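Undergrad: Now for the letters of each chain:
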Amino acid sequence: MKQIPENKIKKFFLIISTSIFLIIPLIGSPYLDFLISMALVYAIWALGYNFLYGYTGLLSFGHAAYFGIGAYTVAFILTKFSINSFLIAILAAIVISTLSGILIGYLCVRYTAIYFALLTLAFAQFFYALCFRFYYITGGSDGMHVSTPYLFNFNLSAIENPIGYYYFTLFFFFIAVYVAWRIVNSPFGKILQAIKENTIRVEFIGVSTRKYKWYSFILSTMYSGLAGALYAPLFGHVVPDLFIISAEVLFATLLGGTTFIGPILGSIVFICARSYISAFTIYWPFILGSLIVAFTLLFPSGIVGTLEKKISHILKSEVS
Amino acid sequence: MLDIITTYFLNGIFFASILFLITSGLTLIFSVAGIVNFAHGCLYMIGAYIAAILIKATPNPMLLPFTFIVSALLVGIIGVVIERGLIKWIYKRPVDYQLLLLFGVSLILQDFTRIIFGPQPLSSSEPFIYSGTIEILGRPYPLYNIIVIIVSFIIGISLWLFLYKTKLGKYIRACSLDREMSSALGINTSYIFPMIFLIGATLGGLSGALILPPTVAMLGMDADALIEAFVVITIGGLGSIKGALIGSIIIGIIRAFGIVYIPEIELAIIYLVMAAVLIVRPRGLFGKEYRVA
Amino acid sequence: MILYTKNLVKHFGEVKALENVNLSLEKGTITSIVGPNGAGKTTLINVISGTIPPDKGKVFFMNKDITALLPYKIARMGIGRSFQIPAIYNGLTVLDNVRVAIISRLGKANKIFHKIDKEINEKANEILEIFGFLEKKNLLAQDLSHGDRKLLDVAIAFALDPKLVLLDEPTSGVSTSEKSIIMNTIHNVIKEKGVTALIVEHDMDIVFSYSNKIIVMHQGEIIAEGKPSQIKEDKNVERILLGVE
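Residue numbers (our numbering), protein chains in the order written: chain A, 1 to 320; chain B, 1001 to 1293; chain C, 2001 to 2245.
For reference, chain A alone in the conformation it holds in the complex (with noise of 0.2 angstroms):
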C-alpha cells in the first residue's frame, strides 16, 4: 500500500474544510448560519480554553467568566453607550477579559490542580453574583437586550443579516485559528507542553512555570472575551447565566480532545448536539452532566483523540 505523506493528507483536510465553512451561508438556511456562528463562538472559546486545558495541562472550571465579560462589555458598548461600532465593542471587550485574566490568573496559577480549579470556580461564581448585586446596571436576572452592531455601515444584526453576521464570526474565527497555531508550533507552545508533562523539570532547565503559566491563562482568557464579544450581538441578549457555563466549554474540549483541532470539532458537535436535544427535552443539564461523566470514563481522549489512535493503529498494522 502506498503511503500517502501526513502533510498532503493535512493539507487536503484544511482545504476542504476551510471551503465549507465558506460555503455554508450559500446553501443553507438562516437558522444554519445561525447554528455554525454558535459553534464557531464555542470553537474560538473552545481553542483559548485548550491553551490553559490541553497545552499547560491546568484544568479550569471558571472560564465563563472571562466569556461573560466580552459579552456583557459588548453589550454595554452597544446598548447602553450607544456606541454602535462592533469593532470598538470587541476590542473593548477583548481588553477588559484580558485585563482580568492578568489578575486573576496571578493569583490562581500559584496553586495546584485541586484549588486551582476551585479557585477559578469561585472567581466565577463571584462575577455571577455581582451580575444580581449591581442588577440596575446589568439588569439583573433579566440580563440586558445587546443592540445592533454596525461594521462601519453594514448593518451586522444577526436576525436581520444571518449571512454577514457569519462571515465576521468566520473572519475572526480564521485569525483566531491562525494564532492560536502559530503559538503553539513556537517556543513558546513548546514550553507549555512540556509544563504540562513534567512542570517540575522545566524549572530545572531554567523556566519559571509560575509565569509562563499565567502567560498561558492570560491567552486563554484573551480568547473566551473574543468568543463572549461574538456571541452577545449573535444571541441578541446577554444574561447573568453566562458565566456559569464553564462546563461547557470544558465539556466541548473534551469531546473533540485536546489535541489541535479537537476542541474546534468538539465544539461543532457540542453545539449541533445541544440545540437539537434542548429542542425535544428540558433535560440539557443533566445529559450534558451524564456525557462529562461518561466521557471521562469512557472516552479520555475524546472523539478527535480516539479517532486519531485508532486511524494510526490501522495505518501501523496495514504497513507491517
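The set of hints was computed from the structure by calculation and includes no laboratory data. Don't take each hint at face value.
With a cut-off of at most 20 angstroms between alpha-carbon atoms, the simulated EDC-like pairs for lysine to aspartate or glutamate come out as follows [said to hold, decoys possible]:
hint : chain 1 : residue 1 : chain 2 : residue 2
1    : C       : K2027     : C       : E2192
2    : C       : K2137     : A       : E6
3    : A       : K309      : C       : D2143
4    : C       : K2213     : C       : E2238
5    : C       : K2136     : C       : E2122
6    : C       : K2108     : C       : E2122
7    : C       : K2064     : C       : D2161
8    : C       : K2123     : C       : E2192
9    : A       : K310      : C       : D2143
Model, not experiment: these values are computed from the prediction.
Following the hints, position chains B and C against chain A.
TA: Below, chains B and C alone, put in the same frame as chain A:
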C-alpha cells in the same frame, strides 16, 4: 449591647455548626479516599429538599428529629451509590479525571434536583417556629439554633471518638495516611471507601436538612455551599477535621457580623477572606496538602 | 573553586540529612559522592540545586551566594541536574525533550509567534548527536528503554550548556553494558566542554575509574574525601561502605 453582640455571636456559631458538618464530610472523603468531592454541595442541597418534603409529610411533631436523620441517611445512600457506581473507577486516575467526573456528577445532581423537586424554592419552617425562643441575656433567641449547635457539637465529638477511639476509626485514619500501605496490611479498602462516602454524604445531607427550617431549599444553594466549604478548607487546610472546625468558626463569625455591619459587601467578604488567606498562608492552618505550584 | 558550601545543615524532623557539610569543587573536575543509602547524598544535590533550602549554611557558585534561590534561577546561572528517577517529558519526542532545554537556554521561551528556528534545531541536534540519540529523535520519550531515559535526562541537563552539572545516580537500574556507554558519553562531554561534575554513584567501579575526587558521606557528614587512590586505602571508608553492601 452585650446582649446584641451575644446574639450575633450565637448566629456565627450556628453558621459555623452547619459549615462544620459540610466541611468535615468533605475533609473525611478527601483524607481517606483522596477525592475532592465536587458534588458535595449538591448533596447538601438534596438534603435540604428532602427535609422540606419530609417535614411537611410528618404528622407528629415529636417525630421531627427523625425526619432529619432520615433525610441525612437518604443522602448518605446517594453518596454510596455514586461512589460504587462511578467514583470507584477513577481512584487510580490523575486528579484531572476525578475533578471532571465529579463536575459532571454535580451537573447531573443539580438537574436531578430541579426535575424531581421543581424549580421553585421549598420551605418547611415548622421545626424552627415550633421550637420557639429562649431568653439569652434578656433577649429572645431561636431555640432551634441552639439545638443545631448542640447537635453539631455532639456529632463533632462522636466523630472524634469514632476516629480516635474505635478500631474501625483507626483503620480509617491509617487509610488516610497511606492508602497503599493500608491495603497491603490487609485492611479491606473496598469496605472503607463506601463507608467513608456514606459518612461524608450523610454529614453533607444532614447539614442541608438542618439549615432548611430557618431558610429555604433552592436551586443554586449547592454552589454557594461548595464555595463556602472551600473557603473554610482554605483556612483550615484540606484533610484536617480540626482545621475544618476552626475554619468554620472563623467564617461563621465573620458572616454573622458581616451581615449586620457591612451588608453591601457581604458576599465579597467571603471571597476577600479566602484571597487573604491564600496570599498570606498558602497552606492553610493545618493543611496536610502542599498546594503552591 | 567553582562551587563551595559552608556548613550546610538540613534536618528532616529527627533525621539529620546534612550535618555541617563543607564541600568544594574545582573547575573541570569530576567529583563523585558515595555512601550508604540515607547518607544525605541526594539531599546535598537538592540543596545545591535549590530544590530544598538548607536549615543553616550557605552555597556559593562562582563566588555568588545561591543559597535557597529558586531552582529556575539557579539553573539559569549554569547549573544543570539530572534525577534519580529520570525527569523527562514522556509525551514529547526525544527531539522535543532536548529542544525545550535549548529554548530555555537561548532565552527564546517567550517567543510566541516565531517558528522553532534553525538555531534551536542545530543546537538540539548537536546534543542529540553527542548522546547518540540522532536516530531515535522522533521516538516518544515514554517508549525509550530505561537506560535511554536516564541518558536523556542527562542530555537535557547538558543541553543547558551548564558550567556545573549535578548527576544523581546516572547509571542506577541500568544494565552493565549500558552503564559503560552512559558513563563514557558523560565523561567525554564533560572533558570536551570543561564542565564540572558532581555525581552521586553507587557503583564503585565507575567511581574509581572516572573520578578526580571522591567524597564519602555517612549519616549526613563527609567522613572522607580525596583522590581515588587515597580513598581505596582508607580502612574507615572500606568498613562503612562494605558494612552496608
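Undergrad: Could you run down the list of hints and mark each one as holding or not?
TA: Each hint, compared with the structure:
no., hint, in the structure
1, K2027/C to E2192/C, "13 angstroms, holds"
2, K2137/C to E6/A, "18 angstroms, holds"
3, K309/A to D2143/C, "16 angstroms, holds"
4, K2213/C to E2238/C, "16 angstroms, holds"
5, K2136/C to E2122/C, "16 angstroms, holds"
6, K2108/C to E2122/C, "14 angstroms, holds"
7, K2064/C to D2161/C, "19 angstroms, holds"
8, K2123/C to E2192/C, "16 angstroms, holds"
9, K310/A to D2143/C, "19 angstroms, holds"
Violated hints for the displayed structure: none, as all numbered hints are satisfied.
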